[in-house]
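Engineer: What follows is the residue order along each chain.
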Amino acid sequence: MELGIKGESALILAGSQGLGFGCARALIGEGVKVAITGRNAETGAKAVAALGGDAIFLKGDVASEEDRARVFAEAKEKLGKVSILVTNAGGPPTGPFLGMSLDDWRAAFELSLLSAVDMARAAAPDMVAAEWGRIVNISSISVKETTPNAPLANGLKTAVIGAFSTLAREIADKGVTVNHILPGPFDTDLLRRVSRDLIQRPDLSEEEATVEFAKHGPMKRLGTIDEFGSLCAYLCSRKAGYITAQSIVMDGGHVTSLY
Amino acid sequence: MDLGIKGEGALILASSRGLGFGCAKALADEGVRVVLNGLSEENGRKAAKAIGGDTIFVAANVSKPEDRARLWDEASDHLGEISILVTNAYGPKAGKFVDRNNEDWREAFEQTFVSAIDMAYRAAPPMVERGWGRIINISSMSAKEPSTNTPLGNSLKAGLLGAFGTLAREIAAKGVTVNSLLPGPFDTDLLRKYAKYMVNDESLTDAEGVAKFAETVPAKRLGTIEEFGAVCAFLCSRQAAYMTAQAISVDGAVVRTML
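First to last, the sequence lines map onto chains A and B. So the first sequence is numbered by our numbering: it starts at 1 and just counts up by one. So the second sequence is numbered by our numbering: it starts at 1001 and just counts up by one.
Check each hint, because a few of them may be wrong.
[What the hints assert, rightly or not] Derived, one-sided and incomplete: chain B residues facing chain A with beta-carbon distance under 10 Å:
# : residue
1 : F1097
2 : P1151
3 : G1153
4 : T1166
5 : Q1239
6 : A1240
7 : T1257
8 : L1259
[As the list claims (entries may be wrong)] Covered stretches of chain B, going by a simulated chain A footprint (3 or more residues, C-beta under 8 Å):
#  : segment
9  : 1102-1108
10 : 1154-1160
11 : 1216-1228
I should point out that these hints are in silico values taken from the structure, not numbers from a laboratory. Fair warning: this is a prediction, and the values are worked out from it, not measured in the lab. Cβ atoms here follow ideal geometry from the backbone N, Cα and C, with glycine treated the same way.
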């Protein structure tokens, strides 16, 4: 399928690994110029080498207001424009609701909500002026069905949905769409690190626990980051112009709610 | 129906008027001892008098940490034990998503989100210890269908559903329920003031604005604060013990989402 986005320019937050990297790879496959951000220069360099072409890495922490402003300015300068924005951030700490402090919540607010809001506010005006743009937010299935022990993410990723659905409707007639992808379990380094906790089997190796965890889902496997990237690229395509303010689940059938 | 909550102690935030007052009155009618809260001494004294009994009012701004601490202490002193908490806050600033800056978001987060979870942190542990308690969060229908021009409220009230949904499940086995009410248009001072703007006709008087606005509601009328209070009282009842982590719309059918 010809997505019609060759020559567009994408800024992908936290794109040096995992799902963000999957989005970057899929967009590059469609001829999009890509800048990825991340906190670690070494991981970023590796990612850029793997992506090939003229992909660029911008070092920055999405939770930092100064870094966000700098990264956005650099992306715009180096890419010429940012017509596609993929918002993404590392997950906030996990643990029971009753074990969190108000400062845990404030830090999670800056990381999970304000990072996305701030970058969207930076990117939207140019998209509106150009009468074309795509904003895709990488969310989580936890906004649809709360995940135990993830109160910060459950709260603040849900808040992004409310914020962006308002933005989506403000600019819906300007050729700019704003959507969310709600990933379930994907084969990422992050999942490998937490798989033992997820199935409460500290006796297993990360690899064994990941294999075991994968058996829990209806499909008995994890999603791949390329599958994830494909959906992202599709939502960024010309063909997806009538889809906006939506939250689309890609989770191998994990979420059980009907709608 | 005897709700079985005679003698319980309830703290209701932002309750000298409007929906919060409706909850306080309905609970008091069931024999619950109530502590009211608000910004204005004068409104508060009037409200306490209207409810009667040993009702007290505590002037405190729930968006300030020190006020919340004082409010909790004074309410505990008066009630002995707070077994019902109703969280509520004035709505954050309105306006377009693209016109709100990072400071607007931080302020709204403290006012709408942190105020509610901070009070829940105080209330939940003693409720869990006793094995009975009720937390009701007054949210908004905008958590389900975002309203135009209220990105801050749309986002943070939706976020609270994620936070409280997590808390609810952590303490579901301890006799404590946590639910949210999603009010639509109610006959409150706030709505009376804004109705004419909501129908885009500033030339109307407040009363004319309300009448015209009510025509847009499927029920063709505004809800009354007594109706709202009744749902709150039911959710606080012994009978409602199996309902938890729910978000219940009370809106004269304004929200169109089916589930």
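Engineer: Is the interface hint satisfied for B:Q1239? The criterion is a beta-carbon contact with chain A at less than 10 Å.
Structural biologist: With a closest approach of 25 Å, the B:Q1239 hint is violated.
Engineer: Hold the hint about B:P1151 up to the distance rule: shortest CB distance to chain A must be less than 10 Å.
Structural biologist: Nearest chain A Cβ about 4 Å off; hint holds.
Engineer: Taking 10 Å as the limit, does the beta-carbon of B:L1259 come near enough to a beta-carbon in chain A?
Structural biologist: 5 Å, holds
Engineer: Can the hint on B:G1153 be confirmed by a CB-to-CB distance to chain A that is less than 10 Å?
Structural biologist: Holds: closest Cβ of chain A sits about 8 Å from B:G1153, inside 10 Å.
Engineer: Against chain A, does the segment 1102-1108 of chain B show at least 3 residues with beta-carbon separation below 8 Å?
Structural biologist: holds (count 3)
Engineer: Grab the minimum C-beta distance from B:F1097 to chain A and call the hint holds if it beats 10 Å, violated otherwise.
Structural biologist: 4 Å, holds
Engineer: Okay, the segment 1154-1160 of chain B and chain A, do three or more residues pass the C-beta test at under 8 Å?
Structural biologist: As far as the segment 1154-1160 of chain B goes, the hint holds, because 7 residues have Cβ atoms under 8 Å from chain A.
Engineer: Hey, does the B:T1257 contact hint survive, CB to chain A under 10 Å?
Structural biologist: 8 Å, holds
Engineer: Given as covered by chain A, does the segment 1216-1228 of chain B meet the bar of three residues or more with CB within less than 8 Å?
Structural biologist: violated (count 0)
Engineer: How about B:T1166: closest beta carbon in chain A under 10 Å, or not?
Structural biologist: Holds. Min distance 4 Å.
Engineer: Taking the least C-beta to C-beta distance, is B:A1240 closer than 10 Å to chain A?
Structural biologist: Violated. Min distance 20 Å.
Going through the hint list in order, the structure does not satisfy hints 5, 6 and 11.
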